[in-house]
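Q: Sequence order for the protein chains is A and B. My numbering puts the first residue of the first sequence at 631, with every later residue one more than the last. My numbering puts the first residue of the second sequence at 948, with every later residue one more than the last.
Just so you know, these hints were derived from the structure itself, not from any lab. No experiment lies behind these values; they were computed from the predicted model shown. Wrong hints could be hidden among the right ones.
To be verified - Residues on chain B that point at chain A, a partial pick, calculated with CB under 10 Å:
no., residue
1, P978
2, C986
3, F991
4, T995
5, T1004
6, V1007
7, V1008
8, G1014
9, F1015
10, P1020
11, A1024
12, L1025
13, E1027
14, G1064
Unchecked claim - Listed below are the simulated DMTMM-like cross-link pairs for lysine to aspartate or glutamate, each with C-alpha atoms no more than 20 Å apart in a straight line:
no., chain 1, residue 1, chain 2, residue 2
15, B, K974, A, D880
16, B, K1059, A, E984
17, B, K974, A, E882
Yeah, the Cβ is synthetic: ideal placement off N, Cα and C, and Gly gets one too.
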Amino acid sequence: MRDVAIIGVGMIPWGELWEDSLRTIWTRAAVAALEDAGVDTVDLITVGCMSSGLFVGQEHLASMVADQLGMPGVPASRVESACASGSLALRHAFAEVAAGLVDIALVTGVEKMTDVDGGAATYTLGTAADQEYESFHGITFPGLYAMMARVHMAHYGTTSRQMAAVSMKNHANGLLNPNAQYHLKVSIDDVLSSTPVAEPLHLLDCSPITDGAAALVIAPIDRARDLAGRRPVVRIAGSGMATDTIALADREDLSRLRAVELSAERAYAMAGKKPSDIHVAEVHDCFTIAEIMTTEALGFFGPGEGGPAAEKGWTALDGRIPVNPSGGLKSKGHPVGATGVAQVCEIVNQLRGEAGQRQVKDARVGLTQNMGGSGGSSIVHILEVV
Amino acid sequence: MLSPARAWREYPQRYRLEASRCTECGKISYPPRVVCPGCRGRQFETVTLSREGTVVTFTVVHVPPAGFEGQAPLILALVELKEGARTMVQLADVPDPSQVRIGMPVRLEFRKIAEEGEAGTIFYGHKAVPA
Ligand SMILES: [Zn+2]
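Same shape as in the complex, but just chain A:
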């Protein structure tokens, strides 16, 4: 297997982008990544997208966007693992480059969510749950995470205040990210007094509906060294994926995210790293409880210690292990298929020392964790400066 590096990142401002279509946001992010990498041709395009079919009625997406980039002829494929689709696009491209099937790959993620109304968007996100035995009864995505939150609270004494601290911290980070959907200062009391969505989760515990795209260019490490100039070379040190039962009814312990634990074990093993080696992380805070459970599953904190850690500021920009410096899904936005790719963009920016006001000091090893559905899949990548 060849060593593989990330040679370009492309982000665009996220939000409710009514003037833009799926194809235009995708193409802008792709062009930004190609320009950042300094290449104008690629051997492969991968696209992470959860549901272009339900959101905009467009399938056969990879061919469509390759054409939009003026690259018909290039092999292109779209992959799906619900909200983890973006990281899956990276993992598959990484495997092809590492195996020597292709040299330069363009890795992308996209979701155009506001072309349908809120009810249809909620329905589409709900298709990541078990349609016949969960969604049938009226449960929503916030509802599924609320059920996990309830068990975590009963098990460990996790509090609504601790969950609110995650939202406050991620909004504070998002204020420093020009591409974030929301630039809002949010206090713990703001979260606790916001509308209940699915008890115990409030509106400000939940990530928003977002239009967005993000892109990366990856290449074999020798090629990356040629193109890097004075910039640090960021290597993909580890990639781990795992699945879990899609329905909560089939999980033994709802206070743990088993897919996150397994995907992390695999990525740590491949990278030869342990949790204490990580300097900065982007994790899947689709709901505040998810960040708490994920920081435990990744081994940053012990079981039940994720809530207190958030409240004590251990995951803040200047904390022991800064989590979601980009603002996370909560503040940056959550265009589901683009999220995993954008997490990697942020970690590359951090490791290159190009993260501006939200730069984590001396970050040389970073981690991303991207979740599908209510924990039915998880993908972890570990990146390091070489």
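Got chain A sorted already, so can you dock chain B with the ligand onto it with the hints?
A: Just chain B with the ligand now, kept in the frame of chain A:
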């Protein structure tokens, strides 16, 4: 929502609570499966679940999905039945949602779940009620 065929084929498990018991390891799967998640065995016998169980976890949904608008706030619960199988159901006949607790005993009852407009399919299944 669901096509008539898609709803109809689930009648044995949705209407009659039929589950499959693995003849190899005894694990009960609800709904029935082709491969046992406990031992990957493929031989099953059909069993009917009891209607008695307890609440494993729950939530009160204030922003309901399409098709459930009139029912909000909606209490959803994960219920563990006596046989050990768990199922996601609505919790009905609870005047005060703040009284729901983990571990609360419940009973499943056959109820209407949702309907597709005035002339469309009516979907039935089970809801839990306080025991
Ligand atoms: Zn078995």
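Q: Which of the numbered hints above does this structure break?
A: 2, 3, 4, 14, 16
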